[in-house]
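Q: Residue strings, one per chain:
Protein chains: 4
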Amino acid sequence: MEAGKQAINKRTGKKFEEGEAVTAEEMFWCASCRPCADGYPNHCEKLQELGFSCDGAFAEYVKVDSRYIWSLEELKRVYKGDDLFLAGSVVEPTSVAYNAVIERGGGIRPGDNAVILGGGPIGLAAVAIMKKAGASNVILSEPSEPRAKLGKLMGADHIINPLKENFTERVLDITGGLGAKLYLEATGLPDKVWADIEQSIWEGKMINSTVVIVARSDKKIPVTGEVFQVRRASIVGSQGHSGHGTFPRVISSMASGMDMTPLITKKVTLDKVPENIVLLRTDRTECKITCEFK
Amino acid sequence: MEAGKQAINKRTGKKFEEGEAVTAEEMFWCASCRPCADGYPNHCEKLQELGFSCDGAFAEYVKVDSRYIWSLEELKRVYKGDDLFLAGSVVEPTSVAYNAVIERGGGIRPGDNAVILGGGPIGLAAVAIMKKAGASNVILSEPSEPRAKLGKLMGADHIINPLKENFTERVLDITGGLGAKLYLEATGLPDKVWADIEQSIWEGKMINSTVVIVARSDKKIPVTGEVFQVRRASIVGSQGHSGHGTFPRVISSMASGMDMTPLITKKVTLDKVPENIVLLRTDRTECKITCEFK
Amino acid sequence: MEAGKQAINKRTGKKFEEGEAVTAEEMFWCASCRPCADGYPNHCEKLQELGFSCDGAFAEYVKVDSRYIWSLEELKRVYKGDDLFLAGSVVEPTSVAYNAVIERGGGIRPGDNAVILGGGPIGLAAVAIMKKAGASNVILSEPSEPRAKLGKLMGADHIINPLKENFTERVLDITGGLGAKLYLEATGLPDKVWADIEQSIWEGKMINSTVVIVARSDKKIPVTGEVFQVRRASIVGSQGHSGHGTFPRVISSMASGMDMTPLITKKVTLDKVPENIVLLRTDRTECKITCEFK
Amino acid sequence: MEAGKQAINKRTGKKFEEGEAVTAEEMFWCASCRPCADGYPNHCEKLQELGFSCDGAFAEYVKVDSRYIWSLEELKRVYKGDDLFLAGSVVEPTSVAYNAVIERGGGIRPGDNAVILGGGPIGLAAVAIMKKAGASNVILSEPSEPRAKLGKLMGADHIINPLKENFTERVLDITGGLGAKLYLEATGLPDKVWADIEQSIWEGKMINSTVVIVARSDKKIPVTGEVFQVRRASIVGSQGHSGHGTFPRVISSMASGMDMTPLITKKVTLDKVPENIVLLRTDRTECKITCEFK
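Residue numbers (this note's numbering), protein chains in the order written: chain R, 4 to 297; chain W, 4 to 297; chain S, 4 to 297; chain G, 4 to 297.
Only chain R is shown next, with the shape it has when bound in the complex:
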């Protein structure tokens, strides 16, 4: 990494030291609009996105304002050589999940139960975060066999196959009739899974459950207001990974035992990137594919 003369390292509050290992947010928030000034950069009105609205990181070098840069130095305790940067490459998706379950979902208290619906990269990252946060039971609902296996690897205590099992029965059975404090909708099929979520909240003894919607979908969600009234429950939407101290806490979590690298199921060289982007649209076997530079 080459740092500009005025670039400040948030880790030290000073200039970057030579050889500092870093990662970058992918959202370039403007730091001037109303949401940014109020402390909500994920909702920047002038947002630029690396790889979308400006040139991306599939290149040997990329120029990023130091505002979006976070040090990976802490990870050197656990990851050596290239593994450091592999670990660094999953900080961003992990931060999307962290923003969803911790910042927006309000987290859990140690001993609470959490249910993650959908074993894509965000759902799987959420599994590890909920386990790290002290969940008594982290339950992953995911029909795909390889994703379910990955879920186990990320720390899920229980897997539900919602196509073969009764979701509510399993959730209540595992949690001794309580249900979960936090449900993460990470399937992108909210209309399909919503009845299950509501039934678990309705039949479980737990009040104050929060349902976090993190996956994007244009489907209407058929919400039963009464469930959220009687069970004192809430629904929150989540987007983004910036702000709220999320990136540095994800990095510190990874430096203290939360291993996210199993999310990377494949490593490719730069010239193989295009075909692998196409692949990910349909292939549910791979989870995250990281591009390596030798």
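The set of hints was computed from the structure by calculation and includes no laboratory data.
Predicted, not measured: the structure shown is a model, and the values here were computed from it.
Be aware that a few hints might be false.
Identical copies look the same in the list; a pair holds intra-copy or inter-copy alike.
[Claimed, not checked] Quick list of in silico lysine to aspartate or glutamate cross-link-like pairs, EDC-like style, CA-CA up to 16 Å:
(1) LYS152 to GLU289
(2) LYS18 to GLU48
(3) LYS18 to ASP68
(4) LYS291 to ASP199
Using the hints, position chains W, S and G against chain R.
A: Frame of chain R, contents of chains W, S and G only:
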């Protein structure tokens, strides 16, 4: 009021003094089940309700455990004679609204905007509470003329007739393009008003809006997850009036300028109660009818 | 006001319109350090301050990044001509108080009591904010007669002269034995007033009180841990006025009835500024002196 | 256990099943006073305490209202035979620590650092809870060798001997210059350790730190307001173990990997209780002594 020997007055922490004016919660929470022990009496698993599961208050005397009794002494500063008990009779519906907008909705900060949908007793009480809480604009959406007038009396800065006006246009016009921090669904027709709420959140510049559902309905609400993701918004359900210091704060609010008595549009004697209960099922002119004992 | 070509108006999310009336934060936060990136600009590690570390506003023109600019257009509803800018000149001190009692102190619920210790500009602004937020009783403790009068004008329900009256007795008497939810230390003499605050918390029935320290002092505060344990109370420190949507909410509050202009007790021309700055060091009669440009 | 006919098991919401293993809160809150009605039983105005104001549990049988009873059934997954009740005997002190760091301290986010000052039963329990909650580094400050060893066993990542090492230097070194999100004062010597806490907050880059006072002491704490202003920090007092869902979450945490039984350093029979109570007043080698019934 006649107090039992062991009955403790929460106002003083001691025995009741002679002549203490009081009101009662209508929900008899058990104080022993999991939600009660955790501090959420509105969700008591063994709930008894005055006038529903146990004999009600349409009687000269009613016996209520001191646990549910709150002193009205503070109101003597503002209300004299019978007016004291008229004021006392609206503490309960006001507490339902207070629990919805303050406890469950998280309140507002001074200078925020609030939109109340539906001008029944709960919606109208919420108008007064939001004004007391420092809302810059309290907007009531209500098609009925007499209810709208009552809304003005309770402190609404603006009335929208959703049958004749474009809800979102009016909300954005009044709030300078911001929209509201808090929306209260108090119509009981969530399926009908939801699109309006979402459009205001979507088009307004305000992020972090909360929609509180307080009216009961068995209709499914067609929620667009993306609106709540992009605008960082939330939905919470609300029920009940107990716990969280709500009753005493409502009473203190009423003792310091929040006049809820306009909610009482009619006073009847005990023998007229049955016909007036029937009347309220259809009559949208009356708001709250209070039974007086001479 | 003349706006740069890229300057964005947070009110509209677009370029500034001609003639837009504005005010500015006085703290130039960097938007890049760890506290800024996390959403806490009041704690910026690279802070520049207008009039301190960079040239100030005692000049006909001053150049400020649009990041720190907030529109006063909303105030045109209430203030005309020069009064608009007089009102604008008190947005900053009001925001310091708002940050203290609302953002850091967590605000109050309608019907709660608040005690403000010290009737300087910040304490007096806090009086108005607590009243706007629905306090049942706002109590100002202030020995100076002119400041006490000003307190009444800003909305204080009760004044305590701590040199002549027993603070705790008065607080408990006014609040019916409860005490306050929020105490603001705005005297700069925390060692002198602390025993009074603790005694009120200890003897009052209210639990969950918060003491906010906003005035600067290098005196040690003799805290009795047990008071904060037994009464479930908290102490928070507060500094700054930036972030958290504070400026725009103060402006909206002022546009809807919270009149802060009585804080301005004197208006001077630019050439009289130096002598008046000297004057304010000792004169407890004047509160805020605003410099006018004709 | 023998259950009364009307006793409700909070685990099921129904009558107790035969052979249900349970533990009890030690605080008998009245469920009727203002703090209890508001949801804060730890601050009950009519509190009775088992073993203090009413006959205690050093007996073969003790009668306790079902309101204060929590099921240990979940622990059968991990503890067998007598070990189940040994585990049950540490639920209460663990709940005191949990109430302090989670309920009053607001918990931490995964990846945050925590410093526990004092390795008595509460401090040691807090070590385990902070580790369970995902702390990146849990640091225990404790001069006694056997207590420090026990701290390691409970999950402390680092031990500071404050009599031999520079507290602040060690904290900053371990946390990469950040300092901690949460400091727990569990020594009972707040006047002695306070300067260290403040220096760590002042010199660390972390803002928003919370200091929780859980140990009782009648010493004045010399608080520097400026530290809490500049670092956006807070102080909260904590007492008790009841309410807020604490007991059941402690039990669920213990059922999912948080082993608190190392806290029990000695088991005695009923007749040895008196001499061991005397012993604990001076002996810093033993931590928790549990009385066993054969």
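Q: So, for every hint listed, does it hold in this structure?
A: Status of each hint after checking the structure:
1. LYS152 to GLU289: Within. Shortest intra-copy distance 12 Å satisfies the 16 Å Cα cut-off; inter-copy 45 Å does not.
2. LYS18 to GLU48: This pair counts as between: shortest inter-copy Cα distance 13 Å, intra-copy 29 Å.
3. LYS18 to ASP68: within (13 Å within a copy, 24 Å between copies)
4. LYS291 to ASP199: neither (28 Å within a copy, 39 Å between copies)
In this structure, the one hint that does not hold is number 4.
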